[in-house]
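Enquirer: Sequences and hints are given; from them, build the entire structure.
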Amino acid sequence: MSRERVLIANRGEIAIRIMQACKDLGLDYVVVYTEEDKSSLHVRLAQKENDLKRAYRISNYRDPNEIFSVADQAKCTAIHPGYGFFAENSGFARRATMRTRPLTFIGPRWEVIRDLGSKINTKRLAKELHIPVIPGSDRSIYNEMEAEGVAEELFFLQKEQGIQHPSVLVKASAGGGGMGIEEVSRLDTFRMVYRKIQNYAKRQFGDEGVLIEQCLRDYQHLEVQLLCSSHGEVVHFGTRNCTIQSTGRQKRVEVAPGFDPAVCKYPFDAKGVLDQIVRYSVRMAGHVGYDNIGTWEWIVSRDGSPYLMEVNTRIQVENEISASISRIKGATGPTNLIREQIRVALGDRLGFTQDDVSFKGTSIELRIVAENTNRGFVPWCGTITRFDYLDRPWARVYSHVPRDIPYKIPTEYDPNLALVIIWGQDTEQAKERARQFQRGIVIEGKGMEGENIVTNLDYLYDRIGYILQF
Amino acid sequence: MGINLDDLLRHYRSHIFEDYQVKTPHTGVISFEVEEGQAVEGPSGRWLQRPGTLLYILEREKNAKRIYASWKGQVTGIRSELEGHFVEADELVLFIRHRLDREEIIDRILTQMLTILRAPQQARYFLSSDILAGLEKRPEARIAIGPGDEVVIMSLMKRDTPISYRGEPGVLYKVYFRSGDIVEQGSPLLGVCPSDRLQYMQKVIQRIRTDWED
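One line per chain: the protein sequences are B and D, in this order. Add 593 to a position in the first sequence, counting from 1, and you land on the number used in the numbering used here. Add 201 to a position in the second sequence, counting from 1, and you land on the number used in the numbering used here.
Treat the hints with care, since some could be wrong.
Below, in silico cross-link-like pairs of lysine-lysine (BS3-like), each with a Cα-Cα straight-line distance of 25 Å or less [said to hold, decoys possible]: (1) B/K631 <-> D/K359; (2) B/K646 <-> D/K224; (3) B/K1001 <-> D/K224; (4) B/K858 <-> B/K953; (5) B/K631 <-> B/K641.
For the record, the hints were derived by calculation from the structure and aren't laboratory data. None of these values were measured; they are calculated from a predicted model.
Expert: Right under this line is the structure:
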């Protein structure tokens, strides 16, 4: 592999993980940061290596001109978008690869992002391939009357099906990560919610398009992890269960594999459903010529019916639990999916097939967030004065929070503090280890008014007992 | 609410200059258009539509951004060593020493008399759609505000929270931020003048206009 220099167009823990993956592959890298993020560990780690300037201050992570300007100044050859920001922006990916001084975009081809990055396009494509999707609109709606018409139809259909408490979800089309979604359980309140989401979408994403879907209540949220190359190779890294989420539909505890019939009883053939969603995901990836890392998100209802929700054409926060339980034949240690993603983006072949991938054990991810779980998961602002935990051979922690100096949580971004990845021989051991590790975490800090820090640690501990259960 | 106007005027007479930092809004290659000690003008015109003196040009991705002075004053501490080089965002490039004028003195003194709604957190703030629509229609209009009215939206960590006004009823006298700006915790967002104090405020303004010479 030639000497590439990767611009990491992201922040926080994912910037650190990408930085590490670059180092492992012998690639050079550069990070960007904003003034609010100057104390983040991703900046300090990059600045530590004094031989070369590796950290550039920019005005905004969402300004493409800033990213390309630094890429040229630092003579980068590739851009890794991480997750969020530009990760699923096909215009950005296209610009990166087609500009006068082209850069390799570490992600799928821009055409693939365009086609699958939109929930609406994905839905249309799934229907074409006879892959089941959640009932609702299959294009962005900008008109209030039209939106209300779709909602009315969905309420009617649910009543027809005998659903006692029908409801619909109003989603910002351009949203993601659980943001910009609200439930409506009475048609007469629909317009108010529609306007609220429309305004929110306009402010946050610059596109006021809205999607209306039937709200499924009793379900599990599953994911299929795929890795593909530009040489037509498609390999899956199993399934994950991401059902435990905050009230704002943001994931908090994730587990791989997606179901475990050895410890939980399911009212359907769990293994059969997992096989089915993997098959569907692989089929769609093959159909569109998917060529990088990606996640197919699924809803599985109590009767075992799967519905494709969306495709995330990027690395996920939770990719590490899939990596933890998978082994590639001939490789030492667990898989590193970010490393694999960079490799294939730079043109490599996978170098292995599905038969070379094996799975072992259960992995759990705990997302530590400064938020008040007793008050609607409202984010907490303040300064962390101590962040500590006991190192364990079966646990990894990814965080941008320094352990040696106080850290003020920036108010511009989500107050995510750390990801804890636990591995166990089986689900019971993984759960026990997750509880054990959680008990050893110390986070101290003070808010603006001198109040003690609030985190979701107790909530996470409590939820460990509920993983994988329907 | 009474104020000691003489004391306030004395204070401002002895603190007549303010130094403003000029920082780069984004990355790019910088070319200065002013020199140390040069006098510069701020924006002018009824709607401040005429830009101030051109301070520097920042070229990024083949686009030249012209940065104008936002204040009238004198250029100090210019970092001429950056000329022709790539600069990062938020880089301090020069100062403008600004002499406060009569209208600014009025503004500062009035701030001490208004009921101020302050930013509860450092966050991005937006005017509520009702107020925004009202101001767009008639910028000079005095919009009535009462306790419990949702006046501002705080966008914190990607979550929108409506902020309600809790002070005594009155009219919106001043907006201290631009919709979409990040505002520091405790900084003023809105200044509301109780209706019964409007007349007193006018008297104070008149008195400053008489006593203060630019």
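Enquirer: Look at each hint and say if it fits the structure.
Expert: Status of the hints after comparison with the structure:
A distance of roughly 20 Å separates the Cα atoms of B/K631 and D/K359; the hinted pair therefore holds under the 25 Å criterion. Restraint check: the Cα-Cα separation between B/K646 and D/K224 comes to about 21 Å, which is no more than 25 Å; the hinted pair holds. With a C-alpha separation of about 23 Å, the suggested pairing of B/K1001 with D/K224 holds against the 25 Å cut-off. The straight-line distance between the Cα atoms of B/K858 and B/K953 is roughly 21 Å, inside the 25 Å bound, and the hint therefore holds.
In summary, the hint linking B/K631 to B/K641 is supported, as the alpha carbons are separated by about 13 Å, within the 25 Å threshold.
When held up to the earlier numbered hints, the structure conflicts with none and fits them all.
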